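Novice: Take the given structure of chain A and dock chain B with the ligands to it, following the hints.
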Amino acid sequence: MSCIDVTHLSKSYGSIKAVDDIVLSVKPGQVFGFLGPNGAGKSTTIKLLTTLIPPSNGSLTILGVDAIKNPLEIRHKIGVVLQQPSYEPTLSVEKSLDKYGMMWNVPKNERKKRMEQLLKDFDLVKIRKKRNEDLSIGQRRRVQVAREFMHDMDLLFLDEPTVGLDPSARRKLLDYLKNKVKTGLTIFYTTHILTEAEYLCDEIAIIDKGKIITVDSPEALKNKFGKEKTIKIHLLEKTPKISNLLEGIPDCKINFESGTNIVIHSEQSELVLLKILKILNDNNIEIEDLSAIPINLEEIFLKMVRKN
Amino acid sequence: MNSIIRLVNRNITISLNPGFLIWQIIFPLIYIFIVGFAYAPLIQNVPFGVKDLGYPAFLASGMIGFNIMNSTLVSGIIIWNDRRHGMFEQIMSGPFTRSHYILSNICTIGIIGLVSASLIALVGYPVFFESVEFSLITIPVIVFGAITGSILFGSLASIISTRLRSSEGFNVIINTVFLFFAFVSSAFYPADNVPEPLRTAFYLNPLTYLVDVIRAGIFGNITQFVIIEMLILVGIASVLFVIASKLLTKLDF
Ligand SMILES: Nc1ncnc2c1ncn2[C@@H]1O[C@H](COP(=O)(O)OP(=O)(O)OP(=O)(O)O)[C@@H](O)[C@H]1O
Ligand SMILES: [Mg+2]
Chain A
1 MSCIDVTHLS KSYGSIKAVD DIVLSVKPGQ VFGFLGPNGA GKSTTIKLLT TLIPPSNGSL
61 TILGVDAIKN PLEIRHKIGV VLQQPSYEPT LSVEKSLDKY GMMWNVPKNE RKKRMEQLLK
121 DFDLVKIRKK RNEDLSIGQR RRVQVAREFM HDMDLLFLDE PTVGLDPSAR RKLLDYLKNK
181 VKTGLTIFYT THILTEAEYL CDEIAIIDKG KIITVDSPEA LKNKFGKEKT IKIHLLEKTP
241 KISNLLEGIP DCKINFESGT NIVIHSEQSE LVLLKILKIL NDNNIEIEDL SAIPINLEEI
301 FLKMVRKN
Chain B
1 MNSIIRLVNR NITISLNPGF LIWQIIFPLI YIFIVGFAYA PLIQNVPFGV KDLGYPAFLA
61 SGMIGFNIMN STLVSGIIIW NDRRHGMFEQ IMSGPFTRSH YILSNICTIG IIGLVSASLI
121 ALVGYPVFFE SVEFSLITIP VIVFGAITGS ILFGSLASII STRLRSSEGF NVIINTVFLF
181 FAFVSSAFYP ADNVPEPLRT AFYLNPLTYL VDVIRAGIFG NITQFVIIEM LILVGIASVL
241 FVIASKLLTK LDF
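Note that the protein sequences, when read in sequence, are chains A and B. Residue numbering for the first sequence follows my numbering, starting at 1 and increasing by one per position. Residue numbering for the second sequence follows my numbering, starting at 1 and increasing by one per position.
Treat the hints as calculated values from the structure; they're not laboratory data. Quantities reported herein were computed from a predicted structural model and do not represent experimental measurements. We treat Cβ as the ideally placed atom computed from N, Cα and C, and that holds for glycine. Among these hints, one or two may not hold up.
Just some of the chain B residues that point at chain A, by a computed CB distance under 8 Å [stated by the list, open to error]:
1. R6
2. M92
3. S93
4. T97
5. S99
One chain only, chain A, in its complex shape (with noise of 0.2 Å):
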């Protein structure tokens, strides 16, 4: 069975389509990532996951359960940090871990012992008495994401929950999502950090202009995108005759970004490689540098959003 089961969804806001006629399905156990540039969409799809808000059509259902018919059933078995902070301004940062976990009905011991394990996980150690208004960006983004681990929960959505932490911070939340992964949870995450969705996500989907473009694992998109590597040549002179000379090399694409640097696109990249170096070789060029990159996420992001 799946986790999140989506058919036809949509929503509009007056003539905006924020999201188009979505199909999604999540299994459990998995990090889902959710890619896309800025109004993609993602946001909007997660407050219709978490029945924030009445999608415009379309049905779906979340573990289990028609989150149209029966919202409130859904929220009691899942959790959200939405991409906007939220936070008790006057309370400190332990109060609010406490008061947030009973709100969510946790009994005052478990509520302890939970609060001390996540004050540690998410260093908040030194600033459990702090208010929560006196606290730096990152700092209450951590708190954010921390409380909502005070509640058990099957299904967690995340939106852009590593946005304003330094990288430590990041890598940090990170590894802990994927521990809590092993033991059972899904997570349902957006970002745009590519680098991110690689490292966490079991399957990622890319939105834009509220369309799925593509949905797979990140090994699978790299291979189907990823045959072409980037290969860098910086030269040790300044040679102006040089896109004279390289013109002509089949099953590629060459920039040449000043005298001296050069880019290469291409699928066939040791081929062309090996017939830029004889040429090179030839005409007594030296080479200062050389870097071959597999193409990432990244790349492979920007491309289906420039051809979408």
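Specialist: Quick look at chain B with the ligands alone, frame taken from chain A:
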């Protein structure tokens, strides 16, 4: 029900800060003990039903209604803060419905209103104890007034909070409205002594009805007019409550 209690618990926790307590207790005390006694020589006995009240006693009883009104500002502030700091959306994505949210606000207002009223009644007691006439009828009238008044002003504050996004706007409007209510009412001076058209304005103000009802309860003078005032209070409170609930139900994210 359980959900509502948990939300009320949270509402009270976030509202009980030192600033609010000072506002709730110190401020009315200043009125009762400084203004009350300073003005006593100017405003001599106030005829009230069959008896004459001293001005301090008159004012102290008025402060109860005034304090109920002030304390219900809390509901507006809670709603406004929840929207501004994302908690409204967060709560709505949790195990709660909008009805839970609305009802919990009403209960919070009711509790804070009742507690405020009792506090002022307690500290004001030495001032008005000579004229007090509690009975099995008057105490329910006071509690009724406190609850209806809380709902009335709480709904009004909620309506204002759902309409305004900026903090300046919210503060200016709510303070202006409530200041107007406070001074164009029978909380500070008896309506009978003020000249027309001000006197009419007094009776366009729900705080006048609230103060009259509570005063009548405290001094045991429940006349036919007071009963009409109670009905008017219920009427206005119901209308405002329905409007506030409608607006809260329609609030989008
Ligand atoms: N309440 C609303 N009223 C009107 N239009 C809205 C509303 N919410 C979202 N939209 C529009 O719907 C589209 C999708 O917005 P959404 O917030 O889902 O994007 P997103 O993918 O989350 O973007 P970002 O990466 O910037 O967070 C946008 O064009 C946005 O302007
Ligand atoms: Mg978004």
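Novice: Compare the structure with each hint and give your call.
Specialist: Taking the hints in turn, this is what the structure says about them:
1. Contact between B:R6 and chain A, as hinted, is supported at the beta carbon level, the nearest pair being about 5 Å apart and thus within 8 Å.
2. Look at B:M92: its Cβ gets to within about 6 Å of chain A, closer than 8 Å, so that hint holds up.
3. Interface restraint check for B:S93: the shortest CB-CB distance to chain A comes to about 4 Å, inside 8 Å, so the restraint holds.
4. Restraint check, B:T97 versus chain A: the minimum CB separation of about 6 Å is within 8 Å; hint holds.
5. Of the supplied interface hints, the one on B:S99 is violated, with its beta-carbon coming no nearer than about 10 Å to a beta-carbon of chain A, more than 8 Å.
The structure is inconsistent with hint 5 alone, although it conforms to all the rest.
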